[in-house]
Structure formats: C-alpha cells, structure tokens
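Listed below are the residues making up each chain.
There are 2 protein chains.
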Amino acid sequence: MADSSAPTRVMMAVNESSLKGYPHPSISCRSAFDWMLSKLVRSNTDGFHLLFLHVQVPDEDGFDDMDSIYASPTDFQSMKQRDKIRGIHLLEYFVNECHRLGIKCEAWTKHGDPKEVICHEVKRVQPDLLVVGSRGLGPFQR
Amino acid sequence: MADSSAPTRVMMAVNESSLKGYPHPSISCRSAFDWMLSKLVRSNTDGFHLLFLHVQVPDEDGFDDMDSIYASPTDFQSMKQRDKIRGIHLLEYFVNECHRLGIKCEAWTKHGDPKEVICHEVKRVQPDLLVVGSRGLGPFQR
Numbered sequence: 141m142a143d144s145s146a147p148t149r150v151m152m153a154v155n156e157s158s159l160k161g162y163p164h165p166s167i168s169c170r171s172a173f174d175w176m177l178s179k180l181v182r183s184n185t186d187g188f189h190l191l192f193l194h195v196q197v198p199d200e201d202g203f204d205d206m207d208s209i210y211a212s213p214t215d216f217q218s219m220k221q222r223d224k225i226r227g228i229h230l231l232e233y234f235v236n237e238c239h240r241l242g243i244k245c246e247a248w249t250k251h252g253d254p255k256e257v258i259c260h261e262v263k264r265v266q267p268d269l270l271v272v273g274s275r276g277l278g279p280f281q282r
Numbered sequence: 141m142a143d144s145s146a147p148t149r150v151m152m153a154v155n156e157s158s159l160k161g162y163p164h165p166s167i168s169c170r171s172a173f174d175w176m177l178s179k180l181v182r183s184n185t186d187g188f189h190l191l192f193l194h195v196q197v198p199d200e201d202g203f204d205d206m207d208s209i210y211a212s213p214t215d216f217q218s219m220k221q222r223d224k225i226r227g228i229h230l231l232e233y234f235v236n237e238c239h240r241l242g243i244k245c246e247a248w249t250k251h252g253d254p255k256e257v258i259c260h261e262v263k264r265v266q267p268d269l270l271v272v273g274s275r276g277l278g279p280f281q282r
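Those protein sequence lines, which keep their order, are chains A and B.
In my numbering, each residue's number is its place in the first sequence (first place is 1) plus 140.
In my numbering, each residue's number is its place in the second sequence (first place is 1) plus 140.
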C-alpha cells in the first residue's frame with residue numbers, strides 16, 4: 141500500500157454557524173469534519189494532511205441592503221477587520237482540533253462567492269479530495 | 141480516533157472495459173479503485189470494508205437493435221448466462237485484489253439502468269462512501 145507515499149490531502153470548506161455570537165463552525169461543516177475524521181482518517185493520522193478554506197462572503201450580513209450613505213470608509217474598514225477576526229477564530233477551531241489529534245493541517249481565508257472560490261482554490265491547491273458540508277444531502281463530493 | 145468502531149464501508153460501482161475480449165475492468169473504474177486504495181485505505185486495511193456493485197445493462201451489446209425474430213428463448217438464456225459469467229469474472233478481479241491486500245469485501249451484480257440501480261443500492265446498503273469511475277472528471281461523489 142501507499143503509506144510511504146505523500147499524505148492524502150483533503151481540502152475542506154468550512155463556514156460559520158448562522159447562529160449569532162462567537163464564530164462557531166456550522167453544524168453541517170462540523171458534521172463533515174467529524175465524518176472525515178471517523179470515516180476517512182480513522183487512526184491513520186500521519187496519512188492525511190487537511191486543508192481548511194473559509195470563504196468570506198462580502199455581503200454576509202446584508203450590509204449592502206442597508207442604507208450606507210452615512211457609512212464612512214472607517215466603518216467599512218472596521219467591518220472588514222471584524223469579519224477577518226471572525227474567520228480566523230473559525231479556522232482556529234479546526235486547527236486546534238487537528239493539533240490535538242496530531243494531524244497536519246493548513247488553513248486560510250478567501251473573499252468572494254463560496255462556489256467560485258472553492259472551485260478556484262481546488263484547481264490551485266489540487267487536493268486529493270474535497271469535503272464540503274451539506275444540509276442532509278451527504279457531505280461528499282469531488 | 142475511531143478505529144475501534146465499525147470499518148468504513150466504501151461502495152464502488154464497477155464496469156467492464158469497452159474493449160472486447162476477456163472482461164476486464166474499465167480504465168476509469170480501475171483508476172478509481174487504485175485511487176481509493178492509495179488515497180483512502182492507505183495502509184489501514186482493517187479500517188475499510190469494500191462493496192463492489194456491477195450493474196448489468198440488459199441491452200449492453202445492442203441485442204435489442206438486432207433482428208431477433210429467429211431468436212429462441214434458449215438464445216436469450218445463453219446470452220444472459222454469458223453476461224452473468226462476464227459480470228462474475230469482472231467482480232472476481234476486485235475480490236482477488238482485496239484478498240491479496242487483506243481488505244474485507246463483498247461483491248454482487250444487479251440488472252438495470254446503472255444510475256437507477258446504483259442509487260437504489262446506495263439507499264439499501266447505506267455505505268459511508270460511494271466511489272464511481274469517471275472519464276477525467278474526478279472519481280469521487282457521495
């Protein structure tokens with residue numbers, strides 16, 4: 141078998157829970173993560189390298205729908221900053237979990253439309269596998 | 141991690157090569173099989189249980205397009221018999237490979253439209269993962 145070869149690189153797109161508060165991973169992406177650990181990685185922690193992508197949607201909280209006439213550039217700046225911090229906290233959850241389990245990982249954020257960004261990043265990063273959360277449709281796709 | 145738990149059940153739909161001769165697996169499903177071994181199973185042979193499904197398409201060699209006025213029921217019977225044997229030989233390839241590598245497996249054939257049969261069998265068998273061959277589109281889907 142191939143455990144002397146390069147580890148299996150699994151890319152995972154993660155997003156926040158829609159519940160307000162501290163940025164928690166969504167239920168679907170946490171399920172996908174748990175599924176991946178128990179069904180793919182299993183005890184073979186050295187054989188896998190996990191890649192976490194969080195796509196930040198520019199209008200995530202409907203900012204563009206609001207009257208923004210009185211918004212100053214500073215407001216935009218501080219919102220971007222806040223979103224960035226939330227994204228980092230989200231990724232921190234997965235990186236910490238991997239660290240605890242001894243699985244190598246990388247994590248990064250990108251801005252844009254999730255579908256487009258995920259496809260773009262898959263082409264760029266060329267993972268062996270892409271895991272995305274789903275809402276009861278099954279978490280798996282390549 | 142979860143290696144004390146039930147093995148990961150991976151179902152794989154396999155088909156024959158379109159090249160004539162002894163029933164060989166198609167290039168795409170052999171690639172999918174190799175990919176699964178090297179990227180999912182890796183050295184963790186105890187952690188996986190492979191399920192091979194071969195769907196036999198009733199008109200696979202265009203029999204219905206032929207003039208069948210003179211075909212006797214025996215002809216049908218012997219053709220069904222021949223198809224069945226080809227299917228069994230095909231599955232034998234995968235079962236032998238698994239046996240050689242020490243991976244538990246099961247294999248069976250069904251008749252019908254591959255898409256419908258595969259979906260039906262996935263619902264019935266409830267694998268953790270479905271692997272299907274593809275023609276350059278990437279071998280993975282759940």
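FYI, nobody ran anything at the bench for these hints, they're computed from the structure.
You may find that some hints are simply not true.
Which copy? The list can't say, so a pair holds if one copy fits it or any two copies do.
Said to hold, decoys possible - With a straight-line cut-off of 20 Å between C-alpha atoms, the simulated SDA-like cross-links for lysine to any residue are:
1. Lys244 to Ser183
2. Lys244 to Asn184
3. Lys263 to Trp175
4. Lys255 to Asp186
5. Lys244 to Pro254
6. Lys244 to Ser178
7. Lys263 to Arg149
The structure presented is a predicted model; accordingly, all values stated were derived computationally and were not measured.
We went through each hint and held it up to the structure:
In this assembly of identical chains, the alpha carbons of lysine 244 and serine 183 lie at most 20 Å apart whether taken from the same copy (13 Å) or from different copies (18 Å). Taking the closest pair of Cα atoms, lysine 244 and asparagine 184 come within 20 Å of each other both inside a single copy (12 Å) and across two copies (18 Å). For the homomeric pair lysine 263 and tryptophan 175, the shortest alpha-carbon distance between copies (18 Å) is at most 20 Å, but the shortest distance inside one copy (24 Å) is not. Taking the shortest Cα distances, lysine 255 and aspartate 186 never come within 20 Å of each other, neither inside one copy (30 Å) nor across copies (36 Å).
Taking the shortest Cα distances, lysine 244 and proline 254 never come within 20 Å of each other, neither inside one copy (24 Å) nor across copies (39 Å). Taking the closest pair of Cα atoms, lysine 244 and serine 178 come within 20 Å of each other both inside a single copy (16 Å) and across two copies (18 Å). For the homomeric pair lysine 263 and arginine 149, the shortest alpha-carbon distance inside one copy (13 Å) is at most 20 Å, but the shortest distance between copies (28 Å) is not.
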